[in-house]
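Engineer: Construct the complete structure from the given sequences, taking the supplied hints into account.
2 protein chains.
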Amino acid sequence: MAQQKLRKQETLAMRKRLIGQSCRLFYSDDPVKIVRARGQYLFDENNQRYLDCISNVHHVGHCHPKITEAAAAQMDLLNTNSRFLHDNIVLYADRLAASLPEKLCVFYFVNSGSEANDLALRLAQQFTQHQDVIVVDHAYHGHLMSLIDISPYKFRKLAGQKEWVHVAPLPDTYRGIYRETHPNPGQAYADTVKDLIEDVHKKGRKICAFFAESLPSVGGQIILPQGYSAKVAEYVHSAGGVYVADEVQTGFGRVGSHFWAFQLQGEDFCPDIVTLGKPMGNGHPLACVATTKEIADAFTANGVEYFNTFGGNPVSCAIGLAVLDVIKEEDLRGNAMTVGAHLKDLLTKLQTRHQMIGDVRGVGLFVGLELVKDREQRTPATECAALVVKRLKEEDRIFVSTDGPWESVLKFKPPLCFSMEDAELVAQCIDRILTAAATENINLPNNTCINCKREQK
Amino acid sequence: MAQQKLRKQETLAMRKRLIGQSCRLFYSDDPVKIVRARGQYLFDENNQRYLDCISNVHHVGHCHPKITEAAAAQMDLLNTNSRFLHDNIVLYADRLAASLPEKLCVFYFVNSGSEANDLALRLAQQFTQHQDVIVVDHAYHGHLMSLIDISPYKFRKLAGQKEWVHVAPLPDTYRGIYRETHPNPGQAYADTVKDLIEDVHKKGRKICAFFAESLPSVGGQIILPQGYSAKVAEYVHSAGGVYVADEVQTGFGRVGSHFWAFQLQGEDFCPDIVTLGKPMGNGHPLACVATTKEIADAFTANGVEYFNTFGGNPVSCAIGLAVLDVIKEEDLRGNAMTVGAHLKDLLTKLQTRHQMIGDVRGVGLFVGLELVKDREQRTPATECAALVVKRLKEEDRIFVSTDGPWESVLKFKPPLCFSMEDAELVAQCIDRILTAAATENINLPNNTCINCKREQK
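Chains as they are written, first to last, in UniProt numbering: chain C, 1 to 457; chain Z, 1 to 457.
Because the hints were derived from the structure by calculation, they are not lab data.
For every residue, glycine included, the Cβ atom is placed at its ideal position computed from N, Cα and C.
A few of these clues could be false.
To be verified - Partial pick of chain C residues on the chain Z-facing surface, computed with a CB cut under 8 Å:
1. Met14
2. Ser112
3. Glu424
Unchecked claim - With a straight-line cut-off of 16 Å between C-alpha atoms, the simulated EDC-like cross-links for lysine to aspartate or glutamate are:
4. C:Lys5 x Z:Asp94
5. Z:Lys16 x C:Glu305
6. Z:Lys231 x Z:Glu198
7. C:Lys157 x C:Glu180
8. Z:Lys16 x C:Asp94
9. Z:Lys194 x Z:Glu234
10. C:Lys16 x Z:Glu198
11. Z:Lys157 x C:Glu305
12. C:Lys393 x C:Asp431
13. C:Lys16 x C:Asp30
14. Z:Lys16 x C:Asp297
15. Z:Lys5 x C:Asp137
Structural biologist: Printed below as a string of structure tokens:
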């Protein structure tokens, strides 16, 4: 197959003409054309290699031959819908069940994390017969209309907040209302949810769900403080609601020590609904909702069929099974733990030399490096973060991007085959760029949160 | 690859345990396990062959080798997201643009018809800054929360009708309020939309969109009367709204004479937004929204990115391109026209012998056969239709299913490689079964519409 059919300028011109401009390009000033990929490396039309620190979807590595093989073999055999019996869907569900707490034993297969979160919301509403949803600040749960409603990251820029949606503070112990010096930030942040529930009840409304990523991503690669989820679940259950853990970005061993990021919150915590997505099919459109028998039964009891045309088809499930196999065979969870720890360690060492590094946080290969203008005020260094991203691309051919309300957090969510050497290269390059930036004395005005227009002082 | 890993009873038991029961099986009393497929044929675990009259998704035939080849080659090369430049997405959009009227020139790629319809609704609301939507009765536009709201087929069984949703009569000239004897049913049905718009305006509300399948499917394989869409578009445009044509079930040459079903309404009609889905990837999760530059620009102007993780990836687009190639190379549109006409002709001949056949309608390989208890009252023969479906499966190994508010319409939406012999076999088998049914004197009570609980007299 020809790797390139059009010259880059022609591709770009056609893209501008034919694809909605709301679909943005990375590095929009100088976008990159990628024609092939392998493992953690992407190659442009001139065969220049780029190290990929951001493709969390391509979980076991780009174009893994075992995934391609499984897909092609099943495509050649059968790809019907799930109204016929097939082994793949049940074998896959069985494997997922084995990775989850026992009570999460019923599955619905869909095509995207967004479809999964939309269905999770329907399940929660049907089960509780309540409407109100609590989300954490800056959260993003998907591009569908129902999910924009529960995503402060989006609704603040669009239609605004619905009366049935309530926003809890982001449990960010670096920048949030309770910080690393607080004796028990998990309890303190959980109590903000408790207070919200009380406010909701005072309005005569009822709690349907608490909906949160197990590690808030767009929020800035946040690690939830210990004890938070169990306490929130307790409060939400008391109010007759359910806890929905959005694992679309964080599942399938990325955190290394556990297969699911919600498990970082301890064995006494189990969500009522978990949504899975991005890495699940290594790029193939595949996602899922896992829930309890009680919630699934309540959904069945409405008497209405749920049919998802492509969801759970034999090809999607064959790919899903192959992804699970590769994670295990190549011990990618182990690799995420070792390499992630090394990367965090290297970045933490950089922090001793660079005043601009305000915080380094992460678990496994989910790592954030927060840049600040001054360590005391923790003023977000948005422009500096953008500069690092630009220079890493141009000078080092490394793809990194930013997250967080002020786009001041460099995020690392690479394919899990990321190596020790990759981690070392990234740290060296950031070191060099931050050294240069300090020399150039980058000094910029105060920032405004791009999500909620609040100013950071 | 082993075609079967579990015995059928074991698959069924695991399915009951692990998959949400809202995800229903075909022939739930005696479900079928399918292990392989080719063209228009499906094979069960005992290598029994079934003729497939219902898999409209597997448009160019099950497991077409050219589709598998294109998918595998691209999966081996690259499968990133659309934030990088790539030739496939622009070449594919360009090919789709060439098949559509010139003004439909901007594309958004997504993973399912539901995602496409949700985005269409967002586009329409953003462009018009209005909220209210008119849909036709019994319509189904997808499984997402936003789409249940605009699908009478679903919302009547679930949350009920929202104040911003308005239901126009289904333009069904066999069973609707204006029938085949009306001098101008297209105008008459369009005027019902005009009346609705006036009602909406009287309430101080504003029309965002008229949203309809180009051939209402769940509604009972309905062929819109000539002139309907152009008139509706005129009324909707006057009210400041847009016309959304849902081509998820009907696009890509199924109707034979045209590539898109909305084109059946004549050259003076062009929708403002068209959604594509099911057949687009021949089973691969791929869908799309096509719209005008003005609508796309209004969406861009909100300043918010639209990112769909898997939408428009190089593998999905390679598959989409291969599907277009096969449709052309194998002249599947021509085949849909010829074989569809033959099937309709054969079924129409059966009508002369079987009083139970109330109506035969269709274009290309989108055909409906409506069964009635008596031709004058047109009482739906729901149980008889179910009997035909059951016997076709058990006695003839033919998969057909029913649609329409009373599930009294046998629907034929086979892969486009369906042959003249297949059409003849189906007609013969239906002939035999209806003859037997008449002898057995199937006489059943009045029916209730499964969607809206109205009784048919």
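Engineer: For the pair supplied as a hint, Lys5 (chain C) and Asp94 (chain Z), confirm whether the alpha-carbon distance does not exceed 16 Å.
Structural biologist: Within the cut-off at roughly 13 Å; holds.
Engineer: Going by Cβ atoms only, is Ser112 (chain C) closer than 8 Å to chain Z?
Structural biologist: At about 5 Å, which falls below the 8 Å cut-off, the nearest Cβ of chain Z leaves the hint on Ser112 (chain C) intact, so it holds.
Engineer: Quick one, are Lys5 (chain Z) and Asp137 (chain C) close enough, alpha carbons at most 16 Å?
Structural biologist: Violated: Lys5 (chain Z) and Asp137 (chain C) sit about 46 Å apart, past 16 Å.
Engineer: Is Lys16 (chain Z) close enough to Asp94 (chain C), meaning Cα to Cα at most 16 Å?
Structural biologist: With Cα atoms ~12 Å apart, Lys16 (chain Z) and Asp94 (chain C) stay inside 16 Å; holds.
Engineer: Please work out if Lys194 (chain Z) and Glu234 (chain Z) have their alpha carbons no farther apart than 16 Å.
Structural biologist: Holds, at about 9 Å.
Engineer: Holds or violated: is the Cβ of Met14 (chain C) closer than 8 Å to a Cβ in chain Z?
Structural biologist: Check passed: Cβ of Met14 (chain C) comes within 4 Å of chain Z, closer than 8 Å.
Engineer: When you check the alpha-carbon spacing of Lys16 (chain C) and Asp30 (chain C), does it fall within 16 Å?
Structural biologist: Status holds; Cα separation ~13 Å.
Engineer: Is the interface hint satisfied for Glu424 (chain C)? The criterion is a beta-carbon contact with chain Z at less than 8 Å.
Structural biologist: Violated, because the Cβ-Cβ distance from Glu424 (chain C) to chain Z comes to roughly 25 Å (cut-off 8 Å).
Engineer: Are Lys16 (chain Z) and Glu305 (chain C) close enough, with their CA atoms no more than 16 Å apart?
Structural biologist: holds, 15 Å
Engineer: Can you confirm whether the C-alpha distance between Lys157 (chain C) and Glu180 (chain C) stays at or below 16 Å?
Structural biologist: Cα-Cα ~30 Å, so violated.
Engineer: Need the status of pair Lys16 (chain C), Glu198 (chain Z): alpha-carbon distance at most 16 Å?
Structural biologist: Roughly 39 Å separates the two Cα atoms, so the pair is violated.
Engineer: Between Lys231 (chain Z) and Glu198 (chain Z), is the straight-line Cα distance small enough, at 16 Å or below?
Structural biologist: holds, 15 Å
In terms of the numbered hints stated before, the structure departs from hints 3, 7, 10, 15, listed from lowest to highest.
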